[in-house]
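Chains R and Y, in that order, give the protein sequences. All residue numbers for the first sequence refer to the working numbering, where the first residue is 1 and numbers rise by one. All residue numbers for the second sequence refer to the working numbering, where the first residue is 1001 and numbers rise by one.
Please note that a few of the clues may not be correct.
Said to hold, decoys possible - DSBU-like mimics (lysine-lysine), calculated; alpha carbons at most 35 Å apart, straight line:
#1 R:114 x R:47
#2 Y:1387 x Y:1201
#3 Y:1387 x Y:1349
#4 R:47 x Y:1387
#5 R:47 x Y:1201
#6 Y:1328 x Y:1387
Please keep in mind that the hints were generated in silico from the structure rather than gathered at the bench.
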Amino acid sequence: MHAHSQALVVVAHGSHLNPDASNPTYAHADTIRDAGAFDEVREAFWKEEPHFREVIRTLESEEIYVVPLFISEGYFTEQVIPRELRLEGWDPERWDSDGTDASQATLEATDVGKRVHYCGPVGTHDAMSDVIVRRAESVTGDSDVGDGFGLAVVGHGTERNENSAKAVEYHANRIRESGRFDEVEALFMDEEPEVDDVTDFFESDDVVVVPLFVADGYHTQEDIPEDVGLTDDYRTGWDVPTTVDDTRIWYAGAVGTEALTADVLLERAADAGADVGAAIDEVRRRTGGTGNGGESESESENERSVTGD
Amino acid sequence: MTDHADSDANADTDANTSTNADLTDALLEHADREPIAFDGFRLEATDDGYAIATPATERTGLSGRDLREALADETDDVHEYASNWRYWQRMGGEGTARRAFLRWCERAPLEDAVESETEGTDDGRSEATRAVPDRYEALAADGLERQWGQLSITTRLADGSAPGERRYDLRHVDDRGADPADLEAHDRPRDARDLTTYDEKGRYRPLKTAPTLVSGWAFTGLSGDDLVDAVEFVYPATVANWHRERRGNLDVDHWLETAERQTGIYDVVDELPREAVEWMAEACCVDSQCLRRREWEYEEGDELSVDGGDGPFPCREPCSLVIAAARKWAILETEEERTWEFELTTSEKNQLEALIDAVAEGRTDEIREADVNRGANRYRARYLRAKRVDGERNLCGVDSSVDSDG
C-alpha cells in the first residue's frame, strides 16, 4: 500500500524563545503537503523538534530531498546542517558555488544508509526574486506594482560571512535588470549602504522595503522598522505605508513569510531531481500566483496582522 | 477503506457479505501464491485443497467455498485471524517504525524486536503481548489503550469497514474518561502542532517532550497512518527512536561526543566539568522536566548517577535546549569560587532556600497571595528584599558586581 518513494525535508532554524519563528516553515510545508507531490513532507529544526539530527530516521522514503529554509550559503548550510544530518563525505566544495549558485549534492546519511539530495538554500534560488516581487505586490495590494516605485532588498550584512550580502545583491540585480521597478537597491543592517538611510538612495515617492529574511523576528520587527524611521518604538507598530522624509515606505516584513516561498522549496527539490509533477503550478496557483489581485488582498491582510503585532 | 456507519440492518448485512467475499478473495489469492503464516494464523494451498490453522483449530482439505463459509461466521476465530491478517497486509510497511508502533498500540507481538517477548520487560516498560482472539475481544469492546508520554491512544475495530479495519483515538491521558462532547474535536494530524505549542498558562513549549501538554482535545477515528503522523507532531522522532531501540540499534551519542561536535558559540560546551554534567542532567533531564528516558551518559563506560527516567521512548543524545543551557553553565563554571560574608537570620537563610526550591519546582504560582508562612510568598520575598537587598541589588549590601554573569 505504501510505495513511499520521495520525501521533502524543510530544514529551518526555529527558536527556543519565539513560538512564531517556525510558522513560515510549517505554512510552506503544509502548502506542499496539500499539493501532494511528495509521499512525505517533514519540518526539521536546529532549535526545535524534530531536530536536524533525528529527522531522516522518521521517513520511510528512499529518496530524500533536504531544502534549507535559509537565506544564504554560510555557517548553517555549509557546516551545521550537513554535520547534524550525518551526510557522509560532505564538503562545501560539493556545491561548487561561488556563494549564490549552490544547487544540490547527493550524499548518504550514515545513520539510516539513505540517499539524501542536499539542496542549496531557498534564499539564493532564482525563484526567490519572484517571491521578493510578490512580497512587494502583497504589501502594496497592487499586482502590477513597479511603475513609480523603488524597491529596497534588505539583508543583514557581512556579520558571519559575505555570502549573505551576495544573496541580497544577486536578487537586487536580477530585479533591477527586469526593469519592473524604477529603482532597485540592496541595503544592509550593519554595512554600507545602510538601510537607516533608505530614503537617500531613492528618488521615487514610493519605496517598498523587503527584508531578505526567512522569518519575522527581532531584526525585521524591531531593528529595521526603527532604523528606517517607521516608528520610534517598534512596540507601538507602524503604518503601511509610512511617510519618511517625504517618501512613502511600504515595509513588507520578512520575505520568507510570503506564501509563494513554498514554490522555491519545490523548485529546489525539482532541480535536485525530485518528481514534483504539476505541483509547482499547483503551489503557484494556491499561493496567489502572479497577477491574482483577489489573493493579494488577503495576503495584504496577513501582512498587516504580522506587522501589527 | 471507507468508514461509513450503516444505519439499516440489510445494508449492514450486504456490506459484511461483500467485505467477507473480498476477504476470502484476498486470502485465496495470497495463499495460491505463497502460504500465509501470521499472528498464529496459517493458510496453505495443498494438493488436497486448502489447509487452515489457528492455535485453536486445524482444518484441511477445504475448497474455496468451504473457506468462504467458514469466514462468513464472524464469531468464528478463523474470521478474526483472517481479518487480522488482512488489516496488517493492507497496512504494509514491514520493518517500519510506523507498523511496529501500531502493533504495539494493540499489544500485538512485535515482528522485528530483538527479543520480542522479553525485551523491555525487565524495566516494566513492556507488558506481555496478546493473541488475536484476546485482542479482538478488547478491540471490539472498549478498545485497547496505550500511553505514550502524556498521550492516550485507543485502538478499536472500525464498524462497517473492511474486515479487521482499525480506528485510533488520541487524547491527553488526563482526558481518558472525558465525555467526547466536552473535548475539542480534531481530525487533521497537523492540528496536533497547534495543541503542543503552548502550556496551560499560555507559555511557549520549546521542548515537545516536556510534561506540560495541554488537555481538552481529542482526535477520534484516525487511520493508522494519521495516528502516527499526529503522534509525530506531538512528540517528534519518538516513534523512530523507540523502534530503533526495540531492534537493538539505537544510536546513542553520549554527552562528550555531542559536546565535542559543537561549533560556533556552542564550541565551549565540552568544557563543562564532569560533575556539572550531573547537575545539568538532574536539572533538565529527569521525568518531571522531560518525558524522554535519558539513555546517554557522560561517555561510553562512564554513567551519570542521575536517574534517566521511565518513559517509553528513549533520549539518544542531549537535545538543543540542553546544549544551549550547557553553554551558559560552561561559561558560569569558569568563575572562581569566593568566600562571602552575609548577615542573615536563620529564617532568612531558610527563606532563600525556600525561594530557590519554589522556582526550581515551578511552584511560585501555587503559593497563595496571603500565605505568609511560605518563604517563597511574594510579600515575604518583597520584605526580604526591602530589608536585605540594597538599591544596587546587592544582598546585605555586599558588592558582587566584579565578576558575575547573571
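* **Indices of hints not satisfied (ascending)** => 4
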